[in-house]
Amino acid sequence: MKKNDPNKNGQGYKQEEKYHEVSGIRMGNAKVPKFLIGLYLFLGIWAVGYAFFATPINDRLEASGPTGKANAPYDGETIVQQNCTSCHNVTQETLVGPGLAGVSKRLTDEQLHDVLMNGRGQMPALPNLGLDTEQIREVMKYLKTL
Amino acid sequence: MVTNEQLSYRAIRYIYYSAIVWLLVGMTVGLILSIKYVWPDFLVIGPLQKYLQYGRIRPVHTNSVILGWLTMAYVAGLFYVIPKLTRAPLAHPRLALIVGYLWNIFNGLGGLTLIGGYTTAIEYAEYLWPIDLVFFGLFACVMFICFRTISNRREKQLYVSLWYFMGSLIWFPLLFIIGNIPNGMIGGIPQALAAWFYGHNVIGLWITTVGVGFTYYLLPKLSKNPLYSHKLSLIGFWTIATFYVWNGPHHLQNGPVPSWLMKAGVIPSVLLIIPVWSVLANVFGTMKGKWQLVSHDVSLKFLITGMIFYLITCVQGPFQSLMGPSSVLKFTNWVVGHAHMPLFGAFSSVVFALIYHGFKDFAGREIYSKKLMDMHYWFSVIGFLVFAFSTWTQGVLQGFAWAEGKQYGIQFVEVMQALRPFSIFRSAGGFLMFAGQVVFAYNIYRSAKDGIPVEKKDQQTA
Amino acid sequence: MSQPRESITTPFIIGAIVLFTTGAIATVLLPFFEDTMKRPNANAEIRNYAADSPEYRGRQIYIREGCHTCHTQFVRPTKGDMNLGPVSVPQDYYYDSPVMQGTVRTGADLMWVGRRTSPAWHKAHLKNPRDVLPGSIMPSYNYLTEQETDDLIAYLMSLKPAPSTAGTGAPSAPIPTREREGDTNR
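Chains as they are written, first to last, in this note's numbering: chain S, 1 to 146; chain F, 1 to 462; chain U, 1 to 186.
With the rest of the complex left out, here is chain S (with noise of 0.2 angstroms):
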């Protein structure tokens, strides 16, 4: 509860009537550094600039619109690789279905339009995950390719 002397414990510093005691606690005076004024000066403007002009991320594609179809995928190969190959290879390799690489000499069209459309055992029907039928035509066409 004492009083700091200053005298004792202020080494260095010789002017204490520079200093405001408060508690025993000398206070000083020192002016606030200019690279912070110049930090909050850049802060505000930042700041002023984030308010107007950020734009929240969004990197779903479908997600751009009350539709949510306007910038889907319509390139087979792409439909293809973000639906169908955590199932299938496009190699002949089977992974959890047939690989899907001659797929095309396997069944007739009418045959591959049917699995696409409705699915068979384990697979789902397109439709199901979300896609339209010029999608669905896009896979087709992918798929012959194989």
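In case anyone wonders, no lab produced these hints; they're calculated from the structure.
Note that this is a predicted model, so its numbers are computed, not measured.
Cβ coordinates follow ideal geometry from the N, Cα and C atoms, glycine included.
Check before you lean on any hint, since a few could be wrong.
[What the hints assert, rightly or not] BS3-like, lysine-lysine: derived pairs with alpha carbons at most 30 angstroms apart: (1) F:K370 / F:K449; (2) F:K84 / S:K34; (3) F:K290 / S:K18; (4) F:K371 / F:K263; (5) S:K34 / F:K288; (6) S:K144 / S:K105; (7) F:K50 / S:K34; (8) S:K31 / F:K370; (9) S:K34 / S:K18; (10) S:K34 / F:K370; (11) S:K18 / F:K84; (12) S:K18 / F:K224; (13) F:K50 / U:K127; (14) U:K123 / F:K50; (15) F:K84 / S:K31.
[To be verified] Chain U side only, calculated, beta carbon under 10 angstroms to chain F, not exhaustive: (16) T22; (17) A26; (18) V28; (19) P31; (20) E34; (21) A44; (22) I46; (23) R57; (24) R64; (25) D81; (26) V89; (27) P90; (28) T103; (29) N142.
Got chain S sorted already, so can you dock chains F and U onto it with the hints?
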């Protein structure tokens, strides 16, 4: 005849020692959690499987370190520092002691209900409302004692620390109410926002602000320099009070919140750099010419380390609140590492400094062993660095792996397996941190029992 | 030389309360009045469980066992959440109390887990996760009773988008083909 000072020191001792016990409890649970992260079948023995199940004890860890260890230690710290700054005796020291007793019961009760599976499921506010009410009552007593002491003050001028203490004592109960509105009365995204308002600000407007108050008290005492700039401390206080409150929404970054709200959360999060750098400029300005003291004085070593971790926390925080970084780092272990930094790295260190500094006063004895103090310091800091860097690395790896599409099923598990070496490091770091606290607890125990008694006339604060 | 003059507590107390209240109103109170948070959508209706339905009891078990400490229910429009199903919107959570968005993905996101899994898969997975997903660090829940397990599975299976979510704010996303998560192993 028992003097007021003796009574208040008794209360302070009791609360500090209890806090240390809760620190050990909380960290033991933390350690179990980190081991379960590596070996999920760790401690899956009989009934322990159910009661020490990961999802049940994780909130035990967070609650016992936040409300058990840090908040209790803060209360003891307030009871110690406020009378020093006001030159008034602590008001109602007997009540202070009772608060300590009941606080232990509160912690124990809370922990047991969580283990039993009774939880609100709101992170950091897991305790059920009857337990919240107990806490609220206890905190009201703490407020009463502190404000009575301040209004009895014999030093007219209010020192910086007291501004922070008054602010925090007002903010915390208000926060606590908003964060603990019972389920059923509130739900959906508004509940998430209220919960994060609490979850973020319990760090920002209680842990941080009281801790900074302690720092402003300790720094001139330990460095024996005058406080660098009164103006900076004013800027620091008012800007933190302005910006911190707004930070909740950044926890829902890129999520289901309107974009005005997201901006209202992110901008103040970044502007927090202002108070943090102002406080740090004040700290470094005050230390000028006294850096050599750091190597001799463990208290000062802890204090400065704490402030450096505080600086790092508040460089990380604004960064990861931004949309881009958040899209990668959110939900990963990066955030786990980040959350430990203010609580352990920064403000636990400040509390360690305060306990070591004040021990002579409130216990009337010297610290038993300086060697053990040093061990405590190095174990804590090295352990924490190992822990933090492994979680941060994990976080970055997870974030990018998920962006590649490994978001569930066996692919997700493969990512977790790739993180395993880091999880082992994390446990090792955690073990070192824990070992440090065991050393600390032992040292305090020995000091309280057979530390050299301090002669009354030598009893100086400096 | 300026003399600091902080000798009365009132300005600090009033200032602290005013600044606090401003932030609280803006970030906690105003969202209540957001249109998106005021009404449920079809997804939320699925999650509006009748008291004592299996799904409701399952949700209580989900809470009791702390599943939310490791699993989020929160899908963002970011690369990291691309395969997780529709992006979550405020309406989805309308009936969610406590809201269980979660903070850490120690396990995978469960927002729409019912869509990509089957009850049989969950049954095996909850009994011993490592049978289904080798290397998983999820605890096994073999101590739950049969009834509790079934309730929990009912809850998990209810976590799926409504058949038609068009126009209600939940953009549709391509559903990955995996019928069962374990199948992607080989």
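We went through each hint and held it up to the structure:
no.	hint	verdict
1	F:K370 / F:K449	holds, 16 angstroms
2	F:K84 / S:K34	violated, 34 angstroms
3	F:K290 / S:K18	holds, 19 angstroms
4	F:K371 / F:K263	violated, 49 angstroms
5	S:K34 / F:K288	holds, 17 angstroms
6	S:K144 / S:K105	holds, 8 angstroms
7	F:K50 / S:K34	violated, 58 angstroms
8	S:K31 / F:K370	violated, 38 angstroms
9	S:K34 / S:K18	holds, 21 angstroms
10	S:K34 / F:K370	violated, 40 angstroms
11	S:K18 / F:K84	holds, 23 angstroms
12	S:K18 / F:K224	holds, 16 angstroms
13	F:K50 / U:K127	holds, 13 angstroms
14	U:K123 / F:K50	holds, 18 angstroms
15	F:K84 / S:K31	holds, 28 angstroms
16	T22	holds, 7 angstroms
17	A26	holds, 6 angstroms
18	V28	holds, 5 angstroms
19	P31	holds, 5 angstroms
20	E34	holds, 6 angstroms
21	A44	holds, 8 angstroms
22	I46	violated, 15 angstroms
23	R57	violated, 13 angstroms
24	R64	holds, 4 angstroms
25	D81	holds, 7 angstroms
26	V89	holds, 5 angstroms
27	P90	holds, 4 angstroms
28	T103	holds, 6 angstroms
29	N142	holds, 8 angstroms
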